[in-house]
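Just so you know, the protein sequences line up as chains Z and H, in that order.
The opening position of the first sequence corresponds to residue 14 in my numbering, with each subsequent residue numbered one higher.
The opening position of the second sequence corresponds to residue 423 in my numbering, with each subsequent residue numbered one higher.
These are calculated hints, taken from the structure and not from any lab test.
Here the structure is a predicted model, which is why all the values come from computation and not from measurement.
Built from N, CA and C at the ideal position, the CB exists for glycine as well.
There could be a bad hint or two in this list.
Said to hold, decoys possible - Some chain Z residues judged to face chain H by a derived CB distance under 10 Å, without partners named: (1) Tyr18; (2) Met46; (3) Leu50; (4) Gln67; (5) Asn68; (6) Asp70; (7) Ile73; (8) Val75; (9) Phe76; (10) Val81; (11) Ala82; (12) Ala83; (13) Leu90; (14) Ala91; (15) Phe108; (16) Asn109.
What the hints assert, rightly or not - Here are the simulated lysine-lysine pairs, DSS-like style, with alpha carbons at most 30 Å apart: (17) Z:Lys39 / H:Lys537; (18) Z:Lys112 / H:Lys586; (19) H:Lys586 / Z:Lys39; (20) H:Lys537 / H:Lys557; (21) Z:Lys112 / Z:Lys39.
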Amino acid sequence: MITVYHYLILSAIIFSIGTFGVLTRKNAIVIFMCIELMLNAVNLTFIALSRHLQNMDGQIFVFFVMTVAAAEAAVGLALMITFYRNRESIDSDDFNLLKW
Amino acid sequence: MLSILFYLFATVAVFSAFYVTKSRNPINSALWLVTTFICLAVLYITLDAPFMAAIQIMVYAGAIMVLIVFVIMLLNLGTAVKKRYTHALAWGAGLSVVMLFVTNTFIRRGVPTGKVGDVTTQTIHNYGHTELIGKAMFTDFLLPFEIASILLLVAIVGAVVLSKREV
Numbered sequence: 014m015i016t017v018y019h020y021l022i023l024s025a026i027i028f029s030i031g032t033f034g035v036l037t038r039k040n041a042i043v044i045f046m047c048i049e050l051m052l053n054a055v056n057l058t059f060i061a062l063s064r065h066l067q068n069m070d071g072q073i074f075v076f077f078v079m080t081v082a083a084a085e086a087a088v089g090l091a092l093m094i095t096f097y098r099n100r101e102s103i104d105s106d107d108f109n110l111l112k113w
Numbered sequence: 423m424l425s426i427l428f429y430l431f432a433t434v435a436v437f438s439a440f441y442v443t444k445s446r447n448p449i450n451s452a453l454w455l456v457t458t459f460i461c462l463a464v465l466y467i468t469l470d471a472p473f474m475a476a477i478q479i480m481v482y483a484g485a486i487m488v489l490i491v492f493v494i495m496l497l498n499l500g501t502a503v504k505k506r507y508t509h510a511l512a513w514g515a516g517l518s519v520v521m522l523f524v525t526n527t528f529i530r531r532g533v534p535t536g537k538v539g540d541v542t543t544q545t546i547h548n549y550g551h552t553e554l555i556g557k558a559m560f561t562d563f564l565l566p567f568e569i570a571s572i573l574l575l576v577a578i579v580g581a582v583v584l585s586k587r588e589v
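Produce the complete structure using the sequences and hints provided.
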C-alpha cells in the first residue's frame with residue numbers, strides 16, 4: 014500500500030539530489046537544471062499532501078510554482094547568454110564581477 | 423499494481439535525477455531531466471491529478487526544457503573535463519546526505535494534518551480535475567492569478583532587455 018509518506022520520502026530524495034547538484038557542479042546551466050529538479054520535488058510534496066488532505070489548495074500552489082519556474086527560466090537563461098557574451102564562459106567560478 | 427507502478431517510476435525518477443547531476447555533457451543532463459519530469463507526471467496521475475500531469479509535460483518537459491536545450495546549443499558548450507576528487511564534492515555530498523537524513527526523520531516522526539477539504543476521489547471523478555482546479559483558481563485564488571500574470575509580463579520584458587546587445 015502506497016501512503017503519503019512514500020511520496021514525501023521520494024520528494025526528499027529528489028530534493029537532496031538537486032541540492033547535491035547545485036553544490037557540486039560548476040556549469041551554470043546544470044546548476045539551473047538542478048534548481049528545477051528541486052522545484053519539482055517540492056511540487057510532488059504539494060500534490061501528495063493535497064491528495065492526502067483532500068484539499069485543492071496545494072495543487073493551485075503547484076500551478077504558481079510552475080509559473081515562477083517559467084519566469085525564472087526566461088530571465089535566468091537571458092542572464093546566462095549575456096554573461097557568456099562578456100566572458101566566453103558560464104563556469105560559476107567566473108562569476109566574480111560583483112566582488113569587491 | 424499501483425505499488426509496483428509507484429516503485430518503478432520512483433526508481434527511474436531517482437536514477438535519472440542522479441544522472442542529471444552526474445552527466446558531463448549538459449545536453450545529457452537535460453535529457454535525464456526530461457525523464458525525471460515524465461516520471462513525476464506519472465506519479466501525479468497516481469495521485470489523482472491528471473491536469474497537473476498534463477501541464478507538467480507541457481510546461482516543464484515541453485516549454486522550459488526546449489528553452490534550456492536551445493540555450494545549451496546556442497552557447498556551444500563543451501563537455502566538462504573529468505576532475506579529480508575535490509573537497510567541494512565531499513562537502514556537497516555530505517550536506518545533501520545530512521539534509522536527506524533530517525527530512526527523513528521529520529517525515530517519519532510527524533503526522534501530516536491540516537484543514538481537510540471535501541475533494542475526494544469520487545468528487546474528482548464526478549466533476550473532473552480541470553474543473554475543480556479552474557473553480558478554485560478563479561474564485562479563491564483570483565488575486566494570486568493576476569499577480570502571476572504580471573510576473574510573467576515582467577519576465578518577458580526582462581528577458582528581452584537582458585539579451586539585447588545594447589540597451
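So, going through the hints one by one against the coordinates:
The restraint placing Z:Tyr18 at the interface with chain H holds, with a minimum CB-CB distance near 6 Å, inside the 10 Å limit. Checking Z:Met46 against chain H: minimum C-beta separation of about 5 Å stays under 10 Å; hint holds. For Z:Leu50, the interface hint holds, the least distance from its beta-carbon to any beta-carbon of chain H being 6 Å, beneath 10 Å. Using the Cβ-Cβ criterion of 10 Å, the hint placing Z:Gln67 at the interface with chain H is satisfied: the shortest such distance is roughly 5 Å.
With 10 Å as the threshold, the beta carbon of Z:Asn68 comes within range of chain H, its nearest partner Cβ sitting at about 3 Å, so the hint holds. A least Cβ separation of about 7 Å between Z:Asp70 and chain H falls short of the 10 Å threshold, and the interface hint therefore holds. Hint on Z:Ile73 holds. Least Cβ distance to chain H is approximately 5 Å, under the 10 Å limit. Residue-level restraint check for Z:Val75 holds (minimum Cβ-Cβ distance to chain H is 6 Å; threshold 10 Å).
Nearest Cβ of chain H to the Cβ of Z:Phe76: about 7 Å, under the 10 Å cut. The hint holds. With a cut of 10 Å, the hint placing Z:Val81 at the interface with chain H holds, because the nearest CB-to-CB distance is about 7 Å. Contact between Z:Ala82 and chain H, as hinted, is supported at the beta carbon level, the nearest pair being about 7 Å apart and thus within 10 Å. For Z:Ala83, the shortest C-beta to C-beta distance to chain H is roughly 6 Å, which falls under 10 Å, so the interface hint holds.
Against a cut-off of 10 Å between C-beta atoms, the interface hint on Z:Leu90 holds, since the closest Cβ of chain H lies about 5 Å away. Taking 10 Å as the C-beta cut-off, the interface hint given for Z:Ala91 holds, the closest approach to chain H being about 4 Å. This hint is violated: Z:Phe108 has a C-beta 15 Å from the nearest C-beta of chain H, more than the 10 Å allowed. Annotation: Z:Asn109 was flagged as interfacial toward chain H, and the flag is violated, the nearest CB pair being 17 Å apart, outside 10 Å.
For the given pair, Z:Lys39 sits about 43 Å from H:Lys537 by alpha-carbon distance, which is inconsistent with the 30 Å threshold. With a C-alpha separation of about 25 Å, the suggested pair Z:Lys112 and H:Lys586 falls inside the 30 Å cut-off, and the hint holds. Of the pairs offered as hints, the one joining H:Lys586 and Z:Lys39 holds, with about 26 Å between alpha carbons and a cut-off of 30 Å not exceeded. Between H:Lys537 and H:Lys557, the direct Cα distance comes to roughly 19 Å. Compliance with the 30 Å bound is thereby established for this hinted pair.
The straight-line distance between the Cα atoms of Z:Lys112 and Z:Lys39 is roughly 18 Å, inside the 30 Å bound, and the hint therefore holds.
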